[in-house]
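Number of protein chains: 2
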Amino acid sequence: MTKNYNIALVGLGNVNRTLADIIQAKGSELAEELGFTLRVTAITDWRFGTLVDPAGVDLAAVLAMRPDDTFVALGGTVPAEGSDNEEFIRTAPADIVAEATFTNPVTGEPALSHVRWALEAGKSVCTTNKGPVAFAVDELKALAADNAVRFEFEGAVMSGTPVIRLASGPLKGVGMKGFSGILNGTSNYILGRMEAGLSQLAAIEEAQDYGYAEADPTADIGGSDVRLKVMVLASQVLGVELASEDVPTEGITAITPQMISDAVGQGKHWKLIGQASKDADGRVTAQVAPQLLDASHPLAAIPGATNAVMFDTEYLGPVTISGPGAGRIETAYALLSDIIAIDAALA
Amino acid sequence: MTKNYNIALVGLGNVNRTLADIIQAKGSELAEELGFTLRVTAITDWRFGTLVDPAGVDLAAVLAMRPDDTFVALGGTVPAEGSDNEEFIRTAPADIVAEATFTNPVTGEPALSHVRWALEAGKSVCTTNKGPVAFAVDELKALAADNAVRFEFEGAVMSGTPVIRLASGPLKGVGMKGFSGILNGTSNYILGRMEAGLSQLAAIEEAQDYGYAEADPTADIGGSDVRLKVMVLASQVLGVELASEDVPTEGITAITPQMISDAVGQGKHWKLIGQASKDADGRVTAQVAPQLLDASHPLAAIPGATNAVMFDTEYLGPVTISGPGAGRIETAYALLSDIIAIDAALA
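If you're matching them up, the sequences are chains A and B in order. Mapping of the first sequence onto my numbering: position 105 corresponds to residue 105, and the numbering continues sequentially without gaps. Every position in the second sequence, counted from 1, becomes a number in my numbering once 1000 is added.
Don't read these hints as lab results, they were simulated from the structure. Misleading hints may appear alongside valid ones.
Said to hold, decoys possible - To list a few chain A residues with every Cβ distance to chain B over 12 Å, as calculated: (1) Asp69; (2) Phe102; (3) Arg116; (4) Arg165; (5) Ser168; (6) Glu206; (7) Asp246; (8) Ile255; (9) Pro257; (10) Gln258; (11) Gln287.
Claimed, not checked - Covered, in the sense of this in silico footprint (three residues per stretch, anywhere, with C-beta under 8 Å from a C-beta of chain B), are these stretches of chain A: (12) 25-34; (13) 51-58; (14) 151-163; (15) 172-183; (16) 278-285; (17) 296-305.
This structure is a prediction, so every number in the text was calculated from the model and none was measured. Beta carbons: idealized from backbone N, C-alpha and C, even for Gly.
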């Protein structure tokens, strides 16, 4: 009999809905490649309510729901006013909880509590939320180990582009000295459009029109999104937990059209770079700031909304990975890749 | 007690000598990170002879040897005229054989036999040789599985830059549709220098002066080196074993200064691309040929002797990794990363 993992979805927004869609559409193809099947046995969402079926919920029906439907029509319950999901997460008949709600960038909640409850209940967790990782990764990894389960979060940095697992797996033993990254697609898109002659405001509006930028683009262009990702990478790549105040952060708002055109004239590129490096004594320094890169720099030509990380290593020198940093399908794949890693670790 | 692996070095050229150097200089630091120690217990080389000590050979003395020394001074034997290394490999007191001799590009020998003997004798193998992988990877992997050991060969494609293990590990389940790569640093260096105004001949001579190009650069600029790497990647990334004749191959010799300057004028770049892709029916087509890339292509800006592979994936679109494709330390790290993977798989 093929091995199976029961999955509980916490949050049914774009990301978990797309994960459900992949499981529904590609489940048997994936089972052949991966050696296990996936069954969604529980879902909770603030709009739709709660649906639990240990034999597997009817994903086709779930995916056909319209925005004002609830799970009542499928035998579930309406959204519970003021519920904190604790009972749902602790009791869901699931091996793995896919956490894809939202994070308060200061506290990491409610995602942080969701992860704790799941791990305490002996369920592995995959999440795309930066908050729990940036603020409590060591605690949560220890909690997972104590409960013989796993805490995986590839999607916290570059959606499904495997930057965390590249560093901890294939690049193990390489002598990591630091990293520099383009970790926010919106700001990279805006800088690229400014090189094409747009004002920053016009570029922001265009990014909003294309859905790259939020209505309030502050976290993207102000650098705080990148700062959280630098904190996550510092812990996973360099083994050091940094606090927000350890990462001086400057966004791209001070970059003027004149600065951009001067750079273009010299064949250079302004990029918003999040970086951290470890000195010979093991001290880590980190920052987020715009940097003027020569055309030969591995991050200089990263276009549009693409993200990239350059690892600075002892044995290989610079090694760079680039790929998408956001997107519905790309982020859902991050959760799938976490589930694959959970299987590999626990098998 | 810390876990230990005994290592036999087959060939003591630049690569295995550097691996020995890393073990000698960084062994205890690595043990702390990796959880195991490494001990070189046997070495054979056509110049130096054979040295075996189950308690560990004196690496400092080995690394201090001069080109006309032999292992006799260290208690070993002189090079055996006409020996094929079979007895050495089968009987060496080692858990892992590090194979770094040379490969006949048509037969894969003698590396191929070296790998077979080691696996048959129940020893895991790491190698930087393309030949055994390009010509017999499925047979050798099956042989390793039959003997409960591992066959690892990250260095066969981009030295230590982890392209094989990125595809098989962190990118598992991503829906691999194909790949395109800059897989030969010498030819990429030459094309870059031609963009700076050199003739192809002058660029080749410069590459030879810097040690990038062999005295006979045919395999580099004619594309046959890239063809072997495309065969390795096709098997490991797309799961299809190709024969040499399945990969139509054209090098860079027909690229003229006029073609280069026309491209530069349009903001484009000529690159030698090795690629393979799988269609909806699972049929794989592959080729090696110069291609004219737009500036926005992820491989267009890869400079100098750097290598890169762009994976074309279902869930993430293009994902690109770039890094060194050659070099003494870079290739020795490939062997170390193989040993780390062997430990992870067998632990």
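Now for the hints, and whether the structure bears them out:
no., hint, result
1, Asp69, "holds, 27 Å"
2, Phe102, "holds, 23 Å"
3, Arg116, "holds, 26 Å"
4, Arg165, "violated, 4 Å"
5, Ser168, "violated, 9 Å"
6, Glu206, "holds, 17 Å"
7, Asp246, "holds, 23 Å"
8, Ile255, "holds, 21 Å"
9, Pro257, "holds, 21 Å"
10, Gln258, "holds, 23 Å"
11, Gln287, "holds, 24 Å"
12, 25-34, "holds (count 3)"
13, 51-58, "violated (count 0)"
14, 151-163, "holds (count 5)"
15, 172-183, "holds (count 3)"
16, 278-285, "violated (count 0)"
17, 296-305, "holds (count 5)"
Checked against the numbered hints above, the structure violates hints 4, 5, 13, 16; every other hint is satisfied.
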